[in-house]
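Protein sequence lines, in the order shown, are assigned to chains S and C.
For the first sequence, this note's numbering begins at 1069 and goes up steadily by one.
For the second sequence, this note's numbering begins at 1069 and goes up steadily by one.
Be aware that one or more of the hints could be misleading.
As the list claims (entries may be wrong) - One side of the interface only, derived from the structure: several residues of chain C facing chain S at Cβ under 7 angstroms:
1) A1146
2) L1152
3) R1181
4) G1190
5) L1220
6) Q1224
7) G1227
8) G1234
9) F1237
10) G1239
11) L1240
12) P1244
13) H1245
As the list claims (entries may be wrong) - Some chain S residues well away from chain C (every beta-carbon gap over 10 angstroms; in silico):
14) A1102
15) E1110
16) A1150
17) P1175
18) Q1198
19) L1226
20) I1230
21) R1236
22) A1250
Since the hints were made in silico from the structure, they are not lab data.
As the structure is a prediction and not an experimental result, all values here were calculated from the model.
Note that CB positions come from ideal geometry on N, CA and C, so glycine has one too.
2 protein chains.
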Amino acid sequence: MTRSGRRPKVDDSSTRDQIRVAARQQFAERGYQATTIRSVAEQAAVDPSLVMHFFRSKDQLFEACVEWPFDPEVELAAVIDAGLPQAGEQLVRLFLATWDARGGHNPVVTLLRTAMSQESVGRLLREFIQVRLLTPLVEAFELDQPELRAGLVASQLLGLGIVRYGLRFDGLAELPHDAVVASIAPTIQRYLSGEL
Amino acid sequence: MTRSGRRPKVDDSSTRDQIRVAARQQFAERGYQATTIRSVAEQAAVDPSLVMHFFRSKDQLFEACVEWPFDPEVELAAVIDAGLPQAGEQLVRLFLATWDARGGHNPVVTLLRTAMSQESVGRLLREFIQVRLLTPLVEAFELDQPELRAGLVASQLLGLGIVRYGLRFDGLAELPHDAVVASIAPTIQRYLSGEL
Chain S
1069 MTRSGRRPKV
1079 DDSSTRDQIR
1089 VAARQQFAER
1099 GYQATTIRSV
1109 AEQAAVDPSL
1119 VMHFFRSKDQ
1129 LFEACVEWPF
1139 DPEVELAAVI
1149 DAGLPQAGEQ
1159 LVRLFLATWD
1169 ARGGHNPVVT
1179 LLRTAMSQES
1189 VGRLLREFIQ
1199 VRLLTPLVEA
1209 FELDQPELRA
1219 GLVASQLLGL
1229 GIVRYGLRFD
1239 GLAELPHDAV
1249 VASIAPTIQR
1259 YLSGEL
Chain C
1069 MTRSGRRPKV
1079 DDSSTRDQIR
1089 VAARQQFAER
1099 GYQATTIRSV
1109 AEQAAVDPSL
1119 VMHFFRSKDQ
1129 LFEACVEWPF
1139 DPEVELAAVI
1149 DAGLPQAGEQ
1159 LVRLFLATWD
1169 ARGGHNPVVT
1179 LLRTAMSQES
1189 VGRLLREFIQ
1199 VRLLTPLVEA
1209 FELDQPELRA
1219 GLVASQLLGL
1229 GIVRYGLRFD
1239 GLAELPHDAV
1249 VASIAPTIQR
1259 YLSGEL
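So here's chain S without its partners, still in its complex pose (with noise of 0.2 angstroms):
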């Protein structure tokens, strides 16, 4: 199937956004769960089928909606792959790689900024961490108390966000990575596998 053969005849980029406009609304409203293709497709009052030819799964499209810099499947499939004892420290290469690679403009600090003012945004923000990155962590790694885990490595990274490239506190701000992963990797690492 070509592309050409599927293009749908209207404005692309304008059905496009109107898509994304529902499903922004939908998996901060009714989660991601209850969210589908179908339910998306009608509040946005366009064939299913239009839904998937622009984002090609639920999974594609929640990321679109949330702007996030990385592919989680891609990313957190190595991090699983390094293995639990390795995944503290994994984790927090990935953030600090992923923020310091956009220099100046850090796109988590940009979404957490909207998240706190907009309630829509943060329970988006907070499905799109829940479901897409640490579950399918502590579900890999058959963890015990998953949703406390999960909280708890949100908790740590989302602050170091903030106060390394937020509000950029003198201790942090300008630490190198090694120096980074050495303070906050344990903690990452005791959330995930230690005793709580």
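Got chain S; can you put chain C on it based on the hints?
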């Protein structure tokens, strides 16, 4: 000296606001050290004695600018009195008690939200947390690497605030204080007194 004997012949509340606007700007732009009662008075076009009349000290002026929900002098003294081995737990309990006392309205989340979207408020908040909350603590306990330790403590406490009260993650939003303390206090303790 009675209050009525000192009452200046001006509109109290608008003068107070005028001083606070000037102070907020200076604390954010110059930092705590370089801001003085005199420099604030000059910018607000009032006599320095009037600044003292309204705010009593530079520290209290600073707190009025940030609207921090507890008096650091009182609360940190209690944490310090309890001794370094208890400091992690004491700090987590202090933050939880402060936050939960306000019910739905969480002043630190409000502050953080503004700090993330307005750079000057961000600088003000960072300066306040560093100078008034964490520096007294690391100095009282004579800790090495004070800036790094302060930044790490801030990252976990602010991250906890965001995930528990701002984004309301499932695993943490409703968790009883004792369970939060059991999970988070060892992290804060390591950031204060452990190997980094």
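Exercise. Identify whether the interface hint at C/R1181 stands, where standing means a beta carbon of chain S within less than 7 angstroms of its own.
Key: holds (4 angstroms)
Practice problem: Return the status of the interface hint for C/L1240: holds when the least beta-carbon distance to chain S is below 7 angstroms, violated otherwise. | Solution: Holds - the Cβ of C/L1240 comes within 7 angstroms of chain S, reaching about 4 angstroms at its closest.
Quiz item: If you take the shortest Cβ to Cβ gap from C/G1234 to chain S, is it below 7 angstroms?
Solution: holds (6 angstroms)
Quiz item: Are all C-beta atoms of chain C more than 10 angstroms from that of S/I1230?
Solution: Answer for S/I1230: violated, closest chain C Cβ roughly 6 angstroms.
Quiz prompt | Claimed clearance of chain C by S/Q1198, with the beta carbon kept past 10 angstroms | solution = violated (7 angstroms)
Self-check item: Minimum beta-carbon distance criterion (7 angstroms), C/G1239 to chain S
Solution: With a closest approach of 3 angstroms, the C/G1239 hint holds.
Quiz item: Just checking, S/A1150 versus chain C, shortest CB gap more than 10 angstroms?
Solution: holds (22 angstroms)
Exercise. Classify the hint on C/F1237 as holds or violated, based on whether any CB of chain S lies nearer than 7 angstroms to its CB.
Key: holds (4 angstroms)
Self-check item: Proposed interface contact between C/A1146 and chain S, which counts if any beta carbon pair is under 7 angstroms
Solution: violated (24 angstroms)
Self-check item: Proposed interface contact between C/H1245 and chain S, which counts if any beta carbon pair is under 7 angstroms
Solution: violated (14 angstroms)
Quiz item: Measuring from the C-beta of C/L1152 to each C-beta in chain S, is the shortest one below 7 angstroms?
Solution: violated (18 angstroms)
Exercise. Would you settle whether the hint for C/G1227 is holds or violated, based on the nearest Cβ-Cβ distance to chain S being less than 7 angstroms?
Key: holds (2 angstroms)
Consistency note: the structure conflicts with the earlier hints numbered 1, 2, 12, 13, 18, 19, 20, 21 and 22.
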